[in-house]
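Residue numbers (my numbering), protein chains in the order written: chain A, 1 to 111; chain B, 1 to 623; chain C, 1 to 209.
Keep in mind the hints are simulated off the structure, nothing from the lab. The structure presented is a predicted model; accordingly, all values stated were derived computationally and were not measured. Hints are all accurate, no fakes.
Think about it this way: if two alpha-carbon atoms lie no more than 20 Å apart in a straight line, the pair counts; the simulated SDA-like pairs of lysine to any residue are:
#: 1; chain 1: C; residue 1: 180; chain 2: C; residue 2: 8
#: 2; chain 1: A; residue 1: 20; chain 2: C; residue 2: 98
#: 3; chain 1: C; residue 1: 52; chain 2: B; residue 2: 224
If you want the building blocks of each chain, they are given just below.
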Amino acid sequence: MANQQSTSGNPRVDLEYRRKKNVEEMRYQVITFALMIFLTLIAFAAVGFGDVSNWFTIPFILLLAVVQVIFQLYYFMHMSHKGHEAPQLFLYSGALVGFLTVLAFMTIIWW
Amino acid sequence: MSTNAQKKGFGAVLWDYLTTVDHKKIAILYLIAGGIFFILGGLEAMIIRIQLAIPDNNFVSAGFYNEVLTMHGTTMIFLAAMPLLFAFMNAVVPLQIGARDVAFPFLNSLGFWLFFFGGVFLNLSWFLGGAPDAGWTSYASLSLASEGHGIDFYSLGLQISGFGTLIAGINFLVTIINMRAPGMTYMRMPLFTWTTFVASALILFAFPALTVGIFFLTFDRLFGSNFFDPTMGGNTVIWEHLFWIFGHPEVYILILPAFGIFSDIISTFSRKRLFGYSSMVFATVLIGFLGFMVWAHHMFTTGLGPIANAIFAVATMAIAVPTGIKIFNWLFTMWGGSIKFTTPMLYAVAFVPSFVMGGVTGVMLAAAPADYQYHDSYFVVAHFHYVIIGGVVLSLLAATHFYWPKMFGTMLNEFLGKITFWLFLIGFHLTFFIQHFLGLMGMPRRIFTFLPNQGLEIGNLVSSIGAFFMAVATIILLINIVITSVKNVKVGNDPWGDGRTLEWAIASPPPYYNFKQLPLVRGLDPYWIEKMEGKKEMTPAEPLGDIHMPNGSFIPFMISLGLFIAAFGAMYRLDYGWGLPVLIIGLVITFGSMFVRSIKDDHGYHIHKEELMDDDDNKGVKA
Amino acid sequence: MHAEEKMTHETWPASPEKATLEAKNKFLGFWFFLGGETVLFASLFATYLALKDKVPTADHVLAKDLFEMPLVFLMTMILLTSSLTSVYAMYHMKNFNFKKMQLWLGITVLLGLSFLGLEIYEFNHYVHEFHHTFSSSAFGSAFYTLVGFHGAHVAFGLCWIVSLMIRNAKRGLSLYNAPKFYTASLYWHYIDVVWVFIFTVVYLMGMVG
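Sequences and hints are given; from them, build the entire structure.
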C-alpha cells in the first residue's frame, strides 16, 4: 500500500489531490444519475403516451434498460475503475448464461 | 489425524473438527462424509443389481426400487462425487498455488456443513416415510404426483447442500485469483488448479438455475404455487430446462477436476512435463464455455422441434474436439516418458480408453435422430456410467492413493492398491459394457424387473456379477485404509519421489500454516525445477515473519443446523401444527448465527516468528 | 497494513475497500456472487416471461389489467434515488468522513423502506382487488416469485446496512469495516440493476400487452 499512499512524499498534498479526484468522480456520478432518471422517464413516456406500435416500443424500452444498467454498473458500481477485470469477466459470463436461459424460455418451452 | 488422537481426547478432537476453518481438516471432513455417502450410494447400486440379476425377481418391491434408484443417482452425484472432489480440491489446490489457506476459511467450513446437513436431511427420508422416487432428475409432472414427503426431502435437502456447493465454488475462484504465491502466474498453475478454477466458475453459473428450479418445485408442492401444473397455466417443461441448464454443466463440474487430477498424475509418473500444457488449459476453458450451450441434448425427445435439436446436437458434438485434444495430450505425455506404474498411474492409464468409450457413445447420443432410439434405454445408462465411473470415480480412487500421503502423512499399501484397481476396473467394464447391448436390445432404464425369454437374462446377470467385483474392490480399499492407518508409517515431503508441484515441497501432512515462507515460483512444475537444479526445497520469496491465521468457529455448524431444522418445519407445515414454529425457529437460528458472525469482530491471530523457528523440529503435529 | 489499525485522514488509503488481503478477497468474492445472482434472476425472468398471462380460466386477471403506472413510477424513482444516496455514502467513506457516510446510509435505508412499503401495498392491492394471488394461476406464481425475490433482496439489504450502521456507530471507520460497507453498497446497486429490468420487463411490457 505504501506506493499508493504518498507519491508526492507530502501526505497533505496527496490528500488534497485525492479529495479533488473524489469530488470530480462524484460529479460524474450525479450526471450519471440525471441520465438514468432521464432514460427512465423516456421509457415510461414511451409506454404511457405512445400510440407507437409494440414492435418499436418493446425493443426500445429494453435498450433503454440495458443502457441504464451499464451506467449503474460502470459508474455507480465503479466497474470502469481498474482492478475490475475479473468482476467484468464473471458478470458478463453470468449475463451470457442468463441471456441463453431467457432466450430458451421464450422459444423452446413448447407452447 | 491419528497423531491428533494420541495427543488429545476424543471430545477435543471432535470439537476441533466441528469448528475448524483449516482447509486441510475440511478436506478430511469432506473425504469422510463423501466417502460414507459413496458407500451408501454403492449399497443402493448393489440392491439395484441384485434385483435385476435374474428376470421376474422380487428382491425388492417396485416402489422401493424407485426409491433406491432415485437415491442412488442423487447420492452419487451430489453427496459423493462432488464432495470427494471438494476433498481433494481443499487438500491440494491451496498447496499447489503456494497459499497459506483458502480466501474464505470461514465460508469454507460453512460450505462443508451445509453440504453435510443437506445430505443427512436427504437420507433421513429413508426413516421418515420413504425416500424420493422420481429419479435423480425428478421431472416435474412425476415429482408433483409423488405422494408422501420423499420429493420434499429431495428438494429441501438439495437446496441446502446446493448453497454449500455455491459457497465452495466462489471460495475456490477467489483463492485461485488472489492467493497465488509470488511467480505463480496463471500459465504456471498445475492442471488440477486450472480445472478446479473452471469447475468453480461452472458451479457459480450453474447452481443458481438449480436453486430456482428447486424453489419452484418446493413452492409447487408445499406452498400452493402452480409453476408446473398445466391446468393452472403452468408448464412442466420449465423444470426440465432449469434442471438441465444446471445439470449439464454439473457433469463438467465433475469431470473437469478429474481431468486435472489425471493430468497431474500422468505427468508425475511419466516424469515428463505435461505435453501441450497451454492447449490443455485452452481445452479446459473451452469445455467449460461450451458446457452451457448443450443442455437441451438431454431433452431431444421432449419435442423442442428440429431446429433446436439440430443446434444442440452440433454444439454437443463440438465438445468432442477439446476433449479429444486432452486425450492426445495425455497420450503424448506418456509417449517417451519413463513411466512408473504406481497405483495412481494404473488408474490414469485405464482411464484414457475407458473415458474414450464413454465419449464415443456420447457423440452417438448427440445425434438427435439416433437419440430417439437410445433415449431412456440402458444404452444411456451405460454411457453415463462410462463417463462418470470411467472418468470421475477412477480419478477419485487415483487421487485417494496419490494424495493420501499428503493428507495423512502415510502411504496406502501399493499391493492392495493394485488389487483394488484390477478388481474395480474389471468389475466396471463387466457391469457396464454389456449394458450398451442391453439398451440396444430394447431394455428401458429405470424398470424394476424384466421378463424371461427376451434375451436379457445373460446380459443382466453378467452386469450384476461385475457389480460385485466393484463392491469387493471397495472393501479392499477400506481394509487398505485401516491397515495403513494402524501401521502409520510416516513419510517425507515427496513420498512418490517424482512430485513436480508445490504440494510436494512441504511436509506430509503440511503444518497448519502450510508454508513457513511463501515459495518463489520460477516456472511450470516449480518443485521439479528446483530438484533438477539439485536443491532440496523451494527458494523462499519472503523473509520469515509473523503469519496471520483465522480463528476457528462453531458458527458455520449453527447456520447449517438452523436450515436443517427449518427444512423439517417447511416440510411438515401442512401436516402438523408444530411445522410453522419449527420453520421459524430454524430460520431464527440461521439468521441469528449470521448476525452474531457479522457483529462479532474476528481478526484472527498471529503466529510469531519465534514459534515458527521452534517448529522446525516437530513439523505438522500442532493442530 | 493491519485491519485493526486506528486510521486518520492521512493514513486512510485511496481504495479502503481493497486495502487488505481480506478486503481484496471479499471484494472479488462478492462480485462473483453477483455474477451468480445474475443467473438466478435471469432464470426467474425467463420463467416469468414463459408464464406471463398463463391463467386457468378466461376471467382471471392478466398483466395489462393489473399494473398501474403511477405506483411503479414512484417505486422506480425511490429506488433509483436510493442508489445515488448510497453512492454519496461511499464518497464520504473514501474521504474518511464517517458521520456523513452514516447520514447518507440512513437516507438510503429510509428510501429502501418506503420502496418496500409500497411493494407490500401493491401486492395487497392485487390480492384483494383482483384476486391475483400466488396460487391463483401460474402467472401469479411467477409474478410474485420474481418480484418477491427482488423484494426479499431489498429487505435483506436493509437489514444488512442497518446492522452495519448500528454495529459500527461508536467505532467509526476502519480497514476492517470499510470493505463491509463497500460490499453492502454494491449489493444495493445490484438490487437497483435488477429493478431496472423488473420495471421494464414486468411492468412496462406488461402494460403494453
